[in-house]
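Everything in the sequence shown is counted per UniProt numbering, starting at 1 for the first residue and increasing by one.
I should point out that these hints are in silico values taken from the structure, not numbers from a laboratory.
Worth double-checking, as some hints may not be accurate.
[What the hints assert, rightly or not] With a cut-off of at most 27 Å between alpha-carbon atoms, the simulated DSS-like pairs for lysine-lysine come out as follows:
no. : residue 1 : residue 2
1   : K394      : K250
2   : K188      : K300
3   : K266      : K300
4   : K45       : K86
5   : K231      : K127
6   : K251      : K231
7   : K97       : K127
8   : K64       : K45
9   : K64       : K97
10  : K64       : K266
11  : K497      : K347
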Amino acid sequence: MAGEINEGSVPAYYREVYEAIRCRTDERVQVEVFQRLLQRTDISKPVLGQIAEQVDSTDGFLSKLSLYKALALIALAQQGKQPSPKLLENCIQELPKPQLGEPRELNALRMQPAQEDVLTMSQTLDKLLGRDTVQLELIPEKKGLFLKHVEYQRFKISVYRRYSDFDVFHEVLLQRFAYRVVPALPPKRMLKGVLTSVSEREFIECRRRALGRFINLVARHPFFSEDELVKTFLTFSGSDVQSKLRDAYKKTGDEFMTNRIATMAKEYLPADIQAQFSTSRELIRNIHNSFQKLRDRAEKMAERSKENATDLLMFGRELSTLGSDGSSLPSLASSQSTWGTLRQSLKSLSVEFAVLSDKAAQQGRREEDDVVEKLNIFLDLLQSYRDLCERHEKGVLHEHQRALHKYGMMKRQMMSASVQPKEQASVEQLESRIVQQENAIQTMELRNYFSLFCLHQETQLIFIYLPITSHILGAFVNSQVQGHREMGAVWNELQPKLGCLFGGNNGSKPPI
Numbered sequence: 001m002a003g004e005i006n007e008g009s010v011p012a013y014y015r016e017v018y019e020a021i022r023c024r025t026d027e028r029v030q031v032e033v034f035q036r037l038l039q040r041t042d043i044s045k046p047v048l049g050q051i052a053e054q055v056d057s058t059d060g061f062l063s064k065l066s067l068y069k070a071l072a073l074i075a076l077a078q079q080g081k082q083p084s085p086k087l088l089e090n091c092i093q094e095l096p097k098p099q100l101g102e103p104r105e106l107n108a109l110r111m112q113p114a115q116e117d118v119l120t121m122s123q124t125l126d127k128l129l130g131r132d133t134v135q136l137e138l139i140p141e142k143k144g145l146f147l148k149h150v151e152y153q154r155f156k157i158s159v160y161r162r163y164s165d166f167d168v169f170h171e172v173l174l175q176r177f178a179y180r181v182v183p184a185l186p187p188k189r190m191l192k193g194v195l196t197s198v199s200e201r202e203f204i205e206c207r208r209r210a211l212g213r214f215i216n217l218v219a220r221h222p223f224f225s226e227d228e229l230v231k232t233f234l235t236f237s238g239s240d241v242q243s244k245l246r247d248a249y250k251k252t253g254d255e256f257m258t259n260r261i262a263t264m265a266k267e268y269l270p271a272d273i274q275a276q277f278s279t280s281r282e283l284i285r286n287i288h289n290s291f292q293k294l295r296d297r298a299e300k301m302a303e304r305s306k307e308n309a310t311d312l313l314m315f316g317r318e319l320s321t322l323g324s325d326g327s328s329l330p331s332l333a334s335s336q337s338t339w340g341t342l343r344q345s346l347k348s349l350s351v352e353f354a355v356l357s358d359k360a361a362q363q364g365r366r367e368e369d370d371v372v373e374k375l376n377i378f379l380d381l382l383q384s385y386r387d388l389c390e391r392h393e394k395g396v397l398h399e400h401q402r403a404l405h406k407y408g409m410m411k412r413q414m415m416s417a418s419v420q421p422k423e424q425a426s427v428e429q430l431e432s433r434i435v436q437q438e439n440a441i442q443t444m445e446l447r448n449y450f451s452l453f454c455l456h457q458e459t460q461l462i463f464i465y466l467p468i469t470s471h472i473l474g475a476f477v478n479s480q481v482q483g484h485r486e487m488g489a490v491w492n493e494l495q496p497k498l499g500c501l502f503g504g505n506n507g508s509k510p511p512i
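Could you put the whole structure together from the sequences, leaning on the hints where they help?
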């Protein structure tokens, strides 16, 4: 067997090294682990490069036989010989032993990634909120509404996006990060037949706010913010951003294909991951329900402030209308009534009530912008987490179960074929299909563990965001304090003017 290593003839040391550094969830050796193994030798970098070039790897992994070949080449290089395939053929029957130390010491090479604590997210809420901020501005155009992205902190660039661009971006982002919390997009339009000129404007504004929350959650996500898809969407100023986004996804694939620890995710997961997931999911569901109720109350308060602004304005206008009535008084009232003088004073009060109305409207906007909007952005994140949990259960787990069911059927067919004589070609085809299905199941199992790994990290993200509660409460208290202070100042200015309307009180408080 020229140039080929027979697994049955390799020294025991080779097998011990393989067992020490192979991936626990795979029979292969990760390329990164192999590179660290090479660095343990005293071989020069040029020679190490020659060895690496002669060792085959697939999808970031070495097979068992590829590792054995590499060990033999290392041994030849340590003996001062040229690590060439031809020289390897000469010693194929008696492979040389490399000097790599005790096999048990090599466990640290495989376990080294775990020291990085890749499962734990080292983030704080302040760090997340301090990341890039994207502002959206509506730009009316003949063919619809464009969204202007401004003040992106890293690039300071403005780009124009239509809703369809957001739609494609959301689609490819969900494909790229299927195991992460991807916020939902707001609907493109309201149901036909329910639009009025006012409700349409309100809907467009609500959609602008929702798109703003979506893009800021994405831009601040620890794993999205540096991805090429996000950079393209936020910075590309060409004419066809949608094709650019799709091309970017085709080049990279989904996160499982690019994450360096995706195939080793099982090694990093805690033993009680399922119990932790169930507990966290129930807790987050309860938090979500409570925050929905808080948001509903906050919306009602903001709406009441706006209604109060309208009522104060109309109250002042009615006073003005009353004071503007120029009808002359009848003789029976003119001698004793002060209505004529009082009527003229009422007209001027509409100015103060207009100011009060403006202060109440400002209060409503503060409650909407500072309180309701913060509640909504956290609710969007909580809802996207619940959507992720459903994708995990209905997607990855369901596909895995279907693959296992299909594999079981194939195995039964194979057993039947071994009992009943069939054509050799059909049996070989069935065997090939079984091997393919086994590979598919192995990939799905790895994806399932990676999905759990990501889900664990996204759960941490939710808890990192939880202190936003204090930000919301602070904004709520501040808006109330500011609103009452500003309106109180206007009421205090108005009170002496009301006293002047009653001659017997000398400008003091009016009688009750």
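Here's how the hints hold up against the structure:
1. K394 x K250: 25 Å, holds
2. K188 x K300: Roughly 25 Å separates the two Cα atoms, so the pair holds.
3. K266 x K300: 47 Å, violated
4. K45 x K86: Distance of about 21 Å is within 27 Å: holds.
5. K231 x K127: The hint holds at about 19 Å.
6. K251 x K231: 15 Å, holds
7. K97 x K127: 51 Å, violated
8. K64 x K45: 24 Å, holds
9. K64 x K97: 16 Å, holds
10. K64 x K266: 20 Å, holds
11. K497 x K347: 12 Å, holds
In this structure, the earlier hints numbered 3, 7 are contradicted, and the remaining ones agree with it.
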